[in-house]
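A.B. asks: Chain S is already provided as a structure; the job is to place chain U on it using the hints.
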Amino acid sequence: MTEGCERTAPDRSWVGVAALVVLAVVGAAVLPTLSSARPANEVPVGDVGANATDPTAESWTAVPSVELALASAPSGLPEASNVSVREAQVRTATNGSHVFVRVSWPDATADRNASGLREFADAVAVQLPENESARPPIAMGGTSNRVNVWYWSGTGTTEELLAGGAGTTTSFERSAVDAQAVHEDGEWHVAFTREAEMAGNRTDLSGEQDVDVAVAVWNGSYDERAGRKSVSEWKYLAMGPGPQGPPYETILWTVAGLAILFATVVTIEGVRRTRGEAA
Amino acid sequence: MSTDDAQSEDTHIDIADGVDHQVAMVMDLNKCIGCQTCTVACKTLWTEGGGRDYMYWNNVETKPGDGYPKDWEDSGGGWQSDEHSEREPGEIPAKERYGGDWEFNHSEIMYDGSDEPLRPQNVDPEWGPNWDEDEGAGEYPNSYYFYLPRICNHCTHPSCVEACPRQALYKREEDGIVLVDQERCRGYRYCVEGCPYKKVYYNAAKKKSEKCIFCYPRIEGEGPDDEVHATACAEECPPQLRLVGYLDDEDGPIYKLVEEYEVALPLHPEFETVPNVYYIPPYAPPQHSEDGESIQGVDRIPREYLEELFGDRVNQALDTIERHRDRTRRGEDSELMEILQDKNPAQQYRLEVFDDD
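From first to last, the protein sequence lines stand for chains S and U. Using our numbering, the first residue of the first sequence is number 1, and each one after it goes up by one. Using our numbering, the first residue of the second sequence is number 1001, and each one after it goes up by one.
For reference, chain S alone in the conformation it holds in the complex (with noise of 0.2 Å):
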């Protein structure tokens, strides 16, 4: 009995080293996704092999989604603040050559008509730098510091637009930018699709760097329009190549988890050997 304690004895630390090895190994893959240690204004872009522009595509439930939250947008207009819609979800994804911003949010009725004298429609608009180094004001951006807007409204038209301030939106001559939307369940859902990479006036998507977003949406049975409508923050596309990427984080992880590791064994030997155990 004693011989074979004896002999087993170092067998089973051993495993259980090994087993304690494994678990950190696991662990530092797993637990960051676990724990989210996405930044708070960070939208993460997923990878889509293919095509996203249909808002109810299946490459769309592998894209994590952010949910934001919307307040009424500082505006002198009737009513600015009386706004109906709270949050919305955004999903961002992209296959190479094209990048896909998807917006849902809650909206009982789809109003797609403007053509009664007190009817206005649904729509939803994506905002982003016109320069993706610099945040603009989140209103509509500034004279020197303008934003593209991405703008879908539901009468079925689809605009982009540049804006230096509240109540300068200019319409580009032919839009870049397509959407498509289906309401279902009592859910806008509205997909937008440009090329990643352009320039000019228009904000570069093609992953050089991370770059600023916000959305607004409009109800358009509660007549919003204009100014008076929700609006998110600002948030981050997390396109660029950055610090914080997945492979660096688990490299310092397992790093981490294995100098843990190796303390607590080296502590557990020195303690063992100060008793004289295992002499």
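None of these hints come from the bench; they were simulated from the model. Do not rely on the hints blindly, as some may be mistaken.
[What the hints assert, rightly or not] EDC-like, lysine to aspartate or glutamate: derived pairs with alpha carbons at most 16 Å apart: (1) LYS1206(U) <-> GLU119(S); (2) LYS1207(U) <-> GLU159(S); (3) LYS1207(U) <-> GLU130(S); (4) LYS1095(U) <-> GLU159(S); (5) LYS1343(U) <-> ASP1333(U); (6) LYS1171(U) <-> ASP1014(U).
[Stated by the list, open to error] Derived, one-sided and incomplete: chain U residues facing chain S with beta-carbon distance under 7 Å: (7) PRO1089; (8) ILE1092; (9) LYS1095; (10) ARG1166; (11) TYR1188; (12) TYR1202; (13) ALA1204; (14) GLY1311; (15) LYS1343.
[As the list claims (entries may be wrong)] Over the 12 Å line for every Cβ pair with chain U, so calculated as not near, a few chain S residues: (16) ALA19; (17) VAL22; (18) VAL66; (19) ASN131; (20) ASN145; (21) ALA166; (22) ASP178; (23) GLU233.
Heads up, the beta-carbon is just placed ideally off N, CA and C, and yes, glycines get one too.
C.D. replies: Leaving out everything else, chain U in the frame of chain S:
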């Protein structure tokens, strides 16, 4: 000192900042026969089809009456005070309150020999422009009404301009005409809400707002004959009740009627937009007794009602007209009566006085 006093003591004209001259119109309500020729002239020229069917940039309504659009006087808009800092909230009238763009069976009757009466097809109209024509108010033999032609007032403090979050509406620098820049307009309709006279209209086909342009191509001489013309509503008017010119043309009849004699008054001055269309208030005979005798001193059209439309200054204006009528009856001269009786047609449309500026 009240504003009224200030105006009577100082004839300085309140023209909007940044505007060189201000177009203006005076309409003598005593001459309007409600024939709607002005309405038709305007419609034929500017608002036929293309989403404009329901629009009447010029309309003539019977007063007392609900007007066009129905109950427009209670639809909000304008300013809270003469400081022009806070606007009064307004509403967009429902389509039914305009009414009127019905399809008629003209061709069936005119070309197909139909015996049907001429009437709107496939609708049962309940309201339309001029719906309450000649109804008026009061009891026989003292019932009364008068006609009120209305166009955009091209206000000095236009609340429609202020209401637009995109500065799509603006007051033209050269003559103060209020226009909607169709390139800037995105159809938000804050201007429709903001105008207390409801003289900005939404074109649902174009998804833009539109309004009276004071016939600016005509007054600029941009028509086929290269001649300067007054607005179509003025020139086509059979009784010629309109004067067209500039408020700051101190030698013209408009200036004299508005600023000197103060007998031409803006409609609903309490909206505080300072209109540039002015009205000579209706001058009605006294009430009659049951046996047909005139009751001296009791107006057929109650002064309270005229005050509602034109403000307190209507009393002074009517008194002035009365005084000058008496003067003419006595065989004395009255410049005011000559202007009102249009004794000098050359003065009626003075549109080229500032051409050398």
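A.B. asks: Decide, hint by hint, whether the structure agrees.
C.D. replies: Verification of the supplied hints:
no.: 1; hint: LYS1206(U) <-> GLU119(S); in the structure: holds, 14 Å
no.: 2; hint: LYS1207(U) <-> GLU159(S); in the structure: holds, 15 Å
no.: 3; hint: LYS1207(U) <-> GLU130(S); in the structure: violated, 28 Å
no.: 4; hint: LYS1095(U) <-> GLU159(S); in the structure: violated, 28 Å
no.: 5; hint: LYS1343(U) <-> ASP1333(U); in the structure: holds, 13 Å
no.: 6; hint: LYS1171(U) <-> ASP1014(U); in the structure: holds, 14 Å
no.: 7; hint: PRO1089; in the structure: holds, 5 Å
no.: 8; hint: ILE1092; in the structure: holds, 5 Å
no.: 9; hint: LYS1095; in the structure: holds, 5 Å
no.: 10; hint: ARG1166; in the structure: holds, 5 Å
no.: 11; hint: TYR1188; in the structure: holds, 4 Å
no.: 12; hint: TYR1202; in the structure: holds, 5 Å
no.: 13; hint: ALA1204; in the structure: holds, 5 Å
no.: 14; hint: GLY1311; in the structure: violated, 26 Å
no.: 15; hint: LYS1343; in the structure: violated, 45 Å
no.: 16; hint: ALA19; in the structure: holds, 65 Å
no.: 17; hint: VAL22; in the structure: holds, 61 Å
no.: 18; hint: VAL66; in the structure: holds, 29 Å
no.: 19; hint: ASN131; in the structure: holds, 24 Å
no.: 20; hint: ASN145; in the structure: holds, 20 Å
no.: 21; hint: ALA166; in the structure: violated, 7 Å
no.: 22; hint: ASP178; in the structure: holds, 20 Å
no.: 23; hint: GLU233; in the structure: holds, 21 Å
The structure does not agree with the numbered hints 3, 4, 14, 15 and 21 stated previously, though it agrees with the rest.
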